[in-house]
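Peer 1: Guided by the hints, dock chain B onto chain A, whose structure is given.
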Amino acid sequence: MYPMDAVGGKDKLNRSQTRVVLMRSIRMAGEFRRQALWAMILVTVSTLCTLAGPVLVRHGIDAGIKAKDERVLNFTVVAYLVVTTLAYVVGRAQYVSLNSAGEGFLRILRVKVFAQLQRQSMAFFDREKAGVLVARMTADIESMAELVQWGLMQFLSAFLLLFLAFFLLLSLSWQLTLITLIVFPFLIAASVKFQRESSKAYLEVREKVGANLSALQEGITGVRVIQAYAREDEQIRRFEESNRALFRSHMHSVKVSTWYFGLIEFAGIASSALIIGIGGWLVHRGTVSLGTVVAFVLLLANLFDPVQQLSQLYNTLQSAAAALHKLFGILDATPDVDEVTSPTELPATGDVVVNNITFSYAAGSRPALENVNLTLTAGTRLALVGPTGAGKSTLAKLMARLYDPQSGSVSFGGVDLRQASMEDLRRRIVVIPQEGFLFDGSVRDNLLIAKPTATETELLRALDNIGLRERFEALPEGMDTQVRERGSRLSAGERQLVALSRAALVDPAVLVLDEATSNLDPGTEMLVEAALEKLMIGRSVIVVAHRLSTVQRADKIAVVADARISEIGTHDELIALNGHYALLASTWNKTQPQ
Amino acid sequence: MTEETKGVTREGWLLLIATLRLQVRGLSMGAGVGLAWTLGKVAVPQLTRLAIDKGIEKDGSLIFWTMLILAAATVAGFFAACRRYFAFRESRLTESYLRERLFAQIQGLHVGFHDKAQTGQLMSRSSSDLQQVQGFVVNIPIFVSQITMVLGVVVILFFSDPILAAVSLAPLPFINVSARRFSNKIHPAVLAVQQEQAQLANVVEETVSGVRVIKGFGAEGVQLAKLQTEADDIRRESMKAAYIRSRFLPAIDLLPSLGLVAVLGLGGHRVITGDMTLGGLVAFNTYLTMLIWPMRNIGMTIAFGQRAASALLRVNEILSEEPAIKDPVKPRQLPKAGLAQPTGALRFNNVRFGYDIGHTDVRVLEGLTLEVQPGESVAIVGATGSGKSTITRLLLRFYDPQTGSIELDGIDLRELRLSELRRSVGVVFEDTLLFHDTVSSNIAFAKPGIDSDVVVRAAKLAGAHEFIMQLPEKYDTVLGERGFSLSGGQRQRIAIARAIVADPRVLVLDDATSAVDPTKEHEIRDALATVMRGRTTLVIAHRPATIELADRAVLLDEGVIAASGSHHELLETNEKYREVLAAMATPKVVE
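Heads up: the sequence lines are chains A and B, in that order.
With this note's numbering applied, the first sequence corresponds to residues 7 to 600, in that order.
With this note's numbering applied, the second sequence corresponds to residues 2 to 592, in that order.
Read the hints as simulated data drawn from the structure, not as lab findings.
Careful: at least some of the hints might be erroneous.
[Stated by the list, open to error] Which chain A residues face chain B? A few, computed with CB under 10 Å, are given here:
#	residue
1	59
2	98
3	100
4	105
5	140
6	148
7	220
8	229
9	285
10	332
11	336
12	429
13	444
14	448
15	508
16	585
[What the hints assert, rightly or not] List time: in silico EDC-like cross-link candidates among lysine to aspartate or glutamate, alpha-carbon distance up to 16 Å:
#	chain 1	residue 1	chain 2	residue 2
17	A	562	A	357
18	A	332	A	134
19	A	118	B	421
20	B	448	A	357
21	B	448	A	239
22	B	577	B	558
23	B	327	B	421
24	B	448	A	521
25	B	241	A	152
26	B	461	B	527
27	A	135	B	206
Note that CB positions come from ideal geometry on N, CA and C, so glycine has one too.
The shape of chain A in the complex, shown without the other chains (with noise of 0.2 Å):
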């Protein structure tokens, strides 16, 4: 009863923007070219079909009956349920096939989105927000489906109704026409003034809808700090504020629609009051035949619907077109971080250089590493410490690549990294981050992420390696453990076990660890410990420590405040530098158990 598609002024586009739009879905559709055809097709033929009931009744009265012709009477009986009966089969037809074309272009549009989103790079997901990107893959490209499944069709079948209506009608009597037309342009202007006031007043249901669902959320999530408060009658009545609000601007939106509804039950009846009045006059006047009044009259809801539905359908046609110019943006966005087209290859191995880097976030703002120089030596583990901001998880991550410096670079062997292809460089560079994330599936699921081509023998080789293959057995059922989404269930300590088996999967030269700074279940986590220790031999190894034990055993640490390496060396050496280092180690053994 809404307009469930109510655009915000905002996502409205302009003319220029609409025909773009239109234009680039019309070419990516050019798949089911032949499909969309057909079903065009189809539509004509069973628009047509509805149109000729009325103007086989008015050749049936008119050359059947009035003439006292009962041949003619039969034969225009015959026709009419030929033509129901065409009507039914072509009806069918049109579901199907506009069905299957139109669902074919949203999957190919689903695949598309897709694919070009995990092209981006990092950048571009710290930049625009989860759930907005979660949006333009489901709500925007929903928002179409209600369109494929048959809103296209009713425009075009009202489109064209109310097109040959008109010339129907125009050829049957262009007197009864003109008087038809009077009500025309109040109609359309109703229509257009409801279409106004009901998308406003949708967009306010709509907010109110989701403030009484957040507050319904935090009454119930909140129930133990309610109840722990005595806090029930205040919440109830709260809640009652939001849900009286919410049916307060749904009885403003039946209002809205009330008259309009109203009007339109009377305008439908009141013009064929006038076909009958001043057409009745006409066959008076010998100018127009019985029939055609009849004609008329039956004809008039052709004329009536389509002008509502039309109105109605313009809405989602204008949300569709929102949405697809939306989703052609993500579709246009250029990745920051792309392949080159002849990669050089990586050595098996070698040294990590980072040759005097500066690196922000977004263009224009402070910069989170300027000049940074660093060498990891292959087969040598760097801790990066300092405060939260300084810049060490930023200096990780230029080092995996998942971000490019704006000026500088860094290499693997020699070879700058933006040389290599992504593929190899993940093969040598594997970075693990502080929490293990985990997608639904099985455990084996989530280890092959790292390695989809992996035999089952690599698999327990490499879990063997790190001495987590009995742990990931003894799971209920095993390595086909369903992990259920997000991993939820398996403990914090096990999601982590997950990440160190990817990383001994993939066997890569270098390992940049992001360590956890939450404490695991005391039980995994000793495992923890001994798998990375495990992992760790033979590899060099970046780590963003947390913990003085990490750092402790480090080759090298380095200490990155104020977007720089403020100090560099061996434990010893920092702590007889007497710096930044020093007070940290110091703080770090107060808070260590008494």
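Peer 2: Same frame as chain A, but now just chain B:
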């Protein structure tokens, strides 16, 4: 339908009727207005017939008949608007009223219920299920007027020409049946599409949030393959729905045309033989077209009703749930605080308690006995899962002990009114839940509407004033999920201020400092010391600095108090105490 589901559906319908009984007046108004609309609408073809037969074919007064049709148009238009208004008002009222009852019930249900219930399910009870009910109620006035219209039209048609009526009406019952079957078939198909859409959303969501892992391993292809599968599933399910539509919708659209064909054929011959007037034929035609919508709608409404009935059953499951923790029939009052009589004495008498998780009972407390003097502060130390937080929950009567009792100032908690008990016990939880409201309302949570001076004083005591003054709207800044977000330590300080405003007899600090940065811990510690002064306090903590705030510490082990004494005594004498603290201690976060 099996016997069982039939019984369930009947129960749902009875519930629906019971719910609507409150709105008999509004719904009758809607139905009455609907009948008036029916009259206007049914009159039109009759008037058209008369206009053609008397006005056009003979030389009657055309203007008269035209005016009459216009009058009918006005009646139909006016009452159509009124009917719509009543229908929506009543249906929204039903929805709104049920939602308020549901919310009040949810607020009153015991915590044990909430442990088992999923937020999403409770949410959908009060959103999508109530929408189903609304969707049915809104159709009632239309349903009534359409039924009368169908009856009226059928009677008129049979009176004017029984044979023609019988033949032309024959296809109509099929419309009704098809509409009902269509509605029942398309509903699960649409749900299936939504389910697939939700799965695709999951893939996108995990890809976006796990983008570091995906990029880190170059696993874009794996995710793309997942997405393609989901996109294919959506297409497949959508096409299933499309086939259902293609099977029913054109048929529903075109069945009435068969009646029109019959009228033209049979009726035409009768006009030629003079048994029927031309106006009568046109009227017949018009009546038939008038029946199309009602027949369709009646079928759909019945299907809606079935869905509404089962939705209401689900809603009623919650509404009929009896709260397990209730006010006593004859509540006792806590003794008034006075200088001579210090308050806040706590006593746990041999308390046994276990959580009921599914079929297994997880025993937590195995005969806990603990006495806390008025004004004394006790730190409870224990390993993870030892039941420290359970003590808080029992104290608030979120649960009742299975055996044994807890007394506050000599009165069993179960003999106190819940609101009195919970106002007397203030808890600062580990993670602070902020409500979508201003900073001051969040602080004044326990005492809405309290003076703003009190709020500011509490915020100052809790060490929150400083950062609050730096917020964009200071104390009027709106917090919560859709508002301004605070850091863990800031939230904690708001919670402490909240407890200060509540000014409880017994204060519980349930891991209240764990979210606070160690370098800032001393600031909060001062705030806590101020609040604790002279107040009975239970401190649940594992940071030595926080434990030291309490007068004494007890070790909770295997469901009982295993040791009691000062922090330093226990450190020196008790091996287990040292172990527990060492395991919990965290040499983390140095920044």
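Peer 1: Against this structure, judge whether each hint is valid.
Peer 2: Outcome of the hint check:
With 10 Å as the threshold, the beta carbon of residue 59 (chain A) comes within range of chain B, its nearest partner Cβ sitting at about 6 Å, so the hint holds. The restraint placing residue 98 (chain A) at the interface with chain B holds, with a minimum CB-CB distance near 5 Å, inside the 10 Å limit. This hint holds: residue 100 (chain A) has a C-beta 8 Å from the nearest C-beta of chain B, less than the 10 Å allowed. Restraint check, residue 105 (chain A) versus chain B: the minimum CB separation of about 4 Å is within 10 Å; hint holds.
Hint status for residue 140 (chain A) relative to chain B: holds, with the closest Cβ pair at about 5 Å, below 10 Å. Hint status for residue 148 (chain A) relative to chain B: holds, with the closest Cβ pair at about 6 Å, below 10 Å. Given hint, residue 220 (chain A) at the interface with chain B, holds; its Cβ is 6 Å from that chain's nearest Cβ, closer than 10 Å. Evaluation of the residue 229 (chain A) hint against chain B yields a held restraint, the C-beta minimum of about 5 Å falling below 10 Å.
The restraint placing residue 285 (chain A) at the interface with chain B holds, with a minimum CB-CB distance near 8 Å, inside the 10 Å limit. At its closest, the beta carbon of residue 332 (chain A) sits 15 Å from a beta carbon of chain B; the interface hint therefore is violated under the 10 Å criterion. Here the hint on residue 336 (chain A) is broken, as its CB sits about 12 Å from the closest CB of chain B, past 10 Å. The interface hint given for residue 429 (chain A) is met, as the beta carbon of that residue sits about 6 Å from the closest beta carbon of chain B, less than 10 Å.
For residue 444 (chain A), the suggested interface contact is upheld, since its CB lies about 8 Å from the closest CB of chain B, less than 10 Å. With a least beta-carbon distance of about 13 Å to chain B, the hint placing residue 448 (chain A) at the interface is violated under the 10 Å criterion. Checking residue 508 (chain A) against chain B: minimum C-beta separation of about 6 Å stays under 10 Å; hint holds. Because the beta carbon of residue 585 (chain A) sits about 15 Å from the nearest beta carbon in chain B, more than 10 Å, this interface hint is broken.
The hinted pair formed by residue 562 (chain A) and residue 357 (chain A) meets the criterion: a straight-line CA distance of about 14 Å does not exceed 16 Å. A C-alpha spacing of about 13 Å is found between residue 332 (chain A) and residue 134 (chain A), which places the hinted pair at or below 16 Å, so the restraint holds. This hinted pair does not check out: residue 118 (chain A) and residue 421 (chain B) have alpha carbons roughly 61 Å apart, beyond 16 Å. Proposed proximity of residue 448 (chain B) and residue 357 (chain A) is contradicted: the alpha carbons are some 64 Å apart, above 16 Å.
Our distance criterion of 16 Å between C-alpha atoms is met by residue 448 (chain B) and residue 239 (chain A), whose separation comes to about 12 Å. The straight-line distance between the Cα atoms of residue 577 (chain B) and residue 558 (chain B) is roughly 9 Å, inside the 16 Å bound, and the hint therefore holds. This hinted pair checks out: residue 327 (chain B) and residue 421 (chain B) have alpha carbons roughly 12 Å apart, not beyond 16 Å. Between residue 448 (chain B) and residue 521 (chain A) the alpha-carbon distance is near 43 Å, which puts this suggested pair outside the 16 Å criterion.
For the given pair, residue 241 (chain B) sits about 15 Å from residue 152 (chain A) by alpha-carbon distance, which is consistent with the 16 Å threshold. Distance restraint check for residue 461 (chain B) and residue 527 (chain B): the Cα-Cα separation of roughly 11 Å lies within the 16 Å cut-off, and the hinted pair is therefore satisfied. For the given pair, residue 135 (chain A) sits about 11 Å from residue 206 (chain B) by alpha-carbon distance, which is consistent with the 16 Å threshold.
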